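Got chain E; can you put chain G on it based on the hints?
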Amino acid sequence: MIAFWQWIHALIPWFDGAIATIVIILIKAIALVMPLMLVVAYFTYAERKVIGYMQLRVGPNRVGPKGWLQPIADALKLMTKEIIFPSKANIYLFLLAPVLAIAPAIAIWAVIPFDEGMYVANLDISLLYVLAIGSVGVYGIILAGWASNSKYPLLGALRSASLLVSYEIVIGFALVTVVMIAGSVNLNDIVMAQKGSILNWYWIPLFPMMIIFFISALVETNRAPFDVVEGESEIVGGTHVEYSGMTFAVFFLAEYANMIFMAVLAVILFFGGWHSPFEGIAYLEAGFAWVPGIIWLLAKSTFFMFLYLWIRATFPRFRYDQIMRLSWKVFLPWTIVWIFVVALMTQLKIGPWF
Amino acid sequence: MVFIFLGIAFGIGPMLIGYLLGPSKPDEEKNSQFECGFPAFDDSRMYFNVRYYLVAILFILFDLEVAFVFPWAVVQSQLGWFGFVAISIFLFLLVVGFIFEWKKGALEWE
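Protein chains in written order, with our numbering: chain E, 1 to 354; chain G, 1001 to 1110.
FYI, nobody ran anything at the bench for these hints, they're computed from the structure.
Computed from a predicted structure; not experimentally measured.
Ideal Cβ placement from N, Cα and C applies to all residues, glycine included.
Incorrect hints may have been included.
[As the list claims (entries may be wrong)] Restraint ranges, calculated between C-beta atoms of paired labels, are given here:
hint, chain 1, residue 1, chain 2, residue 2, range
1, G, Leu-1093, E, Phe-207, 25 to 35 Å
2, E, Ile-125, G, Leu-1093, 19 to 29 Å
3, G, Tyr-1053, E, Asn-122, 32 to 42 Å
4, G, Ala-1067, E, Gln-55, 37 to 47 Å
5, G, Val-1095, E, Asp-321, 21 to 31 Å
6, E, Ile-211, G, Gly-1105, 20 to 30 Å
7, G, Tyr-1053, E, Ile-211, 22 to 32 Å
[Claimed, not checked] Taking lysine-lysine and the DSSO-like style, the derived pairs with C-alpha atoms no more than 30 Å apart in a straight line are:
hint, chain 1, residue 1, chain 2, residue 2
8, E, Lys-88, E, Lys-49
9, G, Lys-1104, E, Lys-77
10, E, Lys-77, E, Lys-49
11, E, Lys-349, E, Lys-195
12, G, Lys-1104, E, Lys-329
13, E, Lys-66, E, Lys-81
Chain E with its partners taken away, still in its complex shape:
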């Protein structure tokens, strides 16, 4: 690797110092974001296919063999659609909103460790970075709803704003319990602390937190059964009623990127990140040693992404007041009690908690 950089340096002498650092990070970032966009595109395809089969339909099957080219056709269609600027809207904020939605959705990926030593940035406070950047995404939705100057978007924005902030507290407290056990807010260290075997992953000592985190992740990403923000039967399309063409597509990308991110984060925090599930089991560990860590991470995340679709196809939509009740009166007391329990267990040195 070093030889390679020396070769580059000899080839282009001015390629050095700050410029080189920025270019290298940029290459890394693009190497991460491009596959991410591809995953988003094919996740929409998977969503339509999976829900189709769950409802005894076939799903998209016309464009390309078995509909494989459907996402590309969708992208092309959205690109050639007109972008409508509503006459009463606040144009600058109206156009700023999609950017504010997607910028955090992409920036948040910077700290995710995909494998041992495989990350773009190894921040010591990566979990706090995730929380901070994650909450910026709310602005995109609020701004979209307000700038449209229309009723349904405004209602959707209000709903989503109070929903997102309520569940952000719950996610915050759930993350505290993880941090308590791992003793670090660095995602790398959290994954390393789960090394050993499948029994060391945090989903066993923190099982209720895992459930709460996953449900809150569903709410944070506006997924069914908590999609009151854009509930079609209630407020038409929520915040993106007035958006069309690529402006809508940007919102869509942000939402799906966030969804995939939440699946990956759940794996990193509760399911051992890149560690193989067969660690510590005599023959299986040796038999699967050749599988790189990133494959395990992606496989586990894929399972969670499938779970999103499964849940969407299974449950009816919640009523808004029920969702708020769930957050404030069920999850919040639960998480506070669990912080107590984990603290007590650590001090008494009981069980798998310390």
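Relative to the frame of chain E, chain G by itself:
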């Protein structure tokens, strides 16, 4: 940093492409705000329920609490009983406030 700029570029780029590739035939009806097919009744800067505001304030409180708990959580296994008692007092005060707002009905949605 680079990532944030890349994210912004990813927001602006596609919209620009869409603007350049897509047709642009504005007309008054199409650009008016959407309200299920009829002209809008009144201004959309309307009144909304005060509960949304209440939730926002409660969020600020609780999010601050979370921010305070994080540093403790990192080192809690080394702090021993002193840390445990300290965080117990802290969380006790939080829970008292929480019970108060619950009893006051700030969490009810009808």
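Does the structure break any of the earlier hints, and which numbers would those be?
Failing hints, ascending: 8 and 9.
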